[in-house]
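Residues per chain are reported as follows:
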Amino acid sequence: MIAFHILIPGKLVRFLEHANVAFVGVRDRDLVPFGHRVSGWQVGADQRTMTILVPDEFLEKLLESLKENGELAITVEEFPSHETYQFKGRYLRHRAVQEDDGEMVERVRRRFVKSLKPMYADAPEDILKSFISPPSLAIEFDVLEIYLQTPGPGAGTRLVPPVEQ
Amino acid sequence: MPMTRLPPEIRPVLENGTPAAMVTCSADGKPNTTVISQVYYVDEAHVALSFQFFSKTIRNVRENPRAFVCVFDIAGLAHWVLQLQFERSETEGPVFDAMDMQIEAIASMTGMSGIFKLRAADIYRVHSVERVQHPRWTASWSNG
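Protein chains in written order, with my numbering: chain G, 171 to 335; chain H, 272 to 415.
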C-alpha cells in the first residue's frame, strides 16, 4: 500500500491544543486489537507527525505490535463538547520520556481536571489528576488519515485526505 | 492477572456513566479507536455494546469479531481492559430495551438527545478482563 503524507489542518492542530482525553489503538499479528491510555500528545513542527506519551501499562505488547506492523489509531476528544477526531497513522519511532515532556502532560492534566470538575464536584482534585498517569514512553508516528468522530450522523467521515465525491 | 469472567466489582464501573474506549481492527489490519457511551452487563461471560450509527466499528467486528474495550473507574483510580468477541446483534428483547432506556438517559445528561439512537444491542463474549490500578497523583508529578 502506498502511504501519502498529509498535513494536519490548522483547525485540528488548535483542537489538539484544547482537547483533554485520548486513547490509542493497535493490533497484533493475529489482528487482535488492543488499546492504551494516552497521557499527552503533540503535533510535530512539520504538521505531518504526532508524538503521544503513554504510561507504563502493557508497553511490551504495544511495542511488539508497533514494530511488527506499525499500524495505530488515536482518538482524541474534547469533553464535555464531545468534539472528537481519530488520527490513523504509521509508527515511526519511540523513545523514553524526557524532562520537557512533563509540561505536555501537565497541560492535558489541567484541561482534563477542569472539564471533569462539574461532574465530580465532590472528588478530591488529586483523584482526578491521577487519571492522567505519568508517561513512560513517547511514540512518534506519521499521520496518514484523519476522521471526524464527533457523535452524530457525520461520525466516521474521513476529513483528510478528503473523500473524493 | 486477567480473568475470563466479569467479576461483580466491575458492574458499578460499567454503570458509572463514564464513556469507554473501544478498539477494533478491519480484516486488512487497520485498527480503529472510538469512544462508546455504554458497556452493558449481560451476564458474567457477555457484555452488550450499543450500535447507534453505521460506523467503521460496526463494519470491523462483522469482518473481524475481536474487539477491545477499556472502561474507566475515575474515582477508583483504575481502569478495566476487556478482550471481547462479537457474537450477535439483537434488535429487540430485554437487553435491547434496557440499553435503549439507558441510552436515552445518557443522551439527556450529555446534551445528545436526538443524536443517540439505539439501532441494535451487539452482544460480545468476554475473552478476558483485567483491572489496572493507577498510581495516585502526587505533587512531584508536576516537576516534569
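Hints in this document: simulated from the structure, not taken from any laboratory. Treat the hints with caution; some may be incorrect.
Claimed, not checked - Which bits of chain G does chain H cover? Going by a derived footprint, with three or more residues having C-beta under 8 Å, they are:
hint, stretch
1, 175-186
2, 217-223
3, 229-242
4, 254-260
5, 283-295
6, 326-333
What the hints assert, rightly or not - Here are the simulated DSS-like pairs of lysine-lysine, each with C-alpha atoms no more than 27 Å apart in a straight line:
hint, chain 1, residue 1, chain 2, residue 2
7, H, 388, G, 231
8, G, 237, H, 388
9, H, 301, G, 237
10, G, 181, G, 284
From a predicted model like this one, the values you see are computed outputs, not experimental measurements. Beta carbons are placed, not taken as given, at the ideal position from N, Cα and C, and that holds for glycine.
The hints, checked one at a time:
Three residues within the 8 Å Cβ limit are the bar, and the stretch 175-186 of chain G against chain H gives 0, so the coverage statement is violated. For the stretch 217-223 of chain G, the stated coverage by chain H is violated: 0 residues have a C-beta nearer than 8 Å to a C-beta of that chain, whereas at least 3 were required. Residues of the stretch 229-242 of chain G with a Cβ under 8 Å from some Cβ of chain H number 3, which satisfies the need for three, so the listed coverage holds. Using a Cβ-Cβ cut-off of 8 Å, 3 residues of the stretch 254-260 of chain G lie near chain H, which meets the minimum of three, so the contact claim holds.
Three residues within the 8 Å Cβ limit are the bar, and the stretch 283-295 of chain G against chain H gives 3, so the coverage statement holds. Check on the stretch 326-333 of chain G: 1 of its residues sit with their Cβ under 8 Å from a Cβ of chain H, so the three-residue criterion for coverage is violated. About 36 Å separates the Cα atoms of residue 388 of chain H and residue 231 of chain G, which puts this hinted pair outside 27 Å; it is violated. About 39 Å separates the Cα atoms of residue 237 of chain G and residue 388 of chain H, which puts this hinted pair outside 27 Å; it is violated.
For the hint linking residue 301 of chain H to residue 237 of chain G, the alpha-carbon distance of about 15 Å falls within 27 Å, and the restraint holds. A distance of roughly 22 Å separates the Cα atoms of residue 181 of chain G and residue 284 of chain G; the hinted pair therefore holds under the 27 Å criterion.
In summary, the structure is inconsistent with hints 1, 2, 6, 7 and 8 from the numbered list given earlier, while agreeing with the others.
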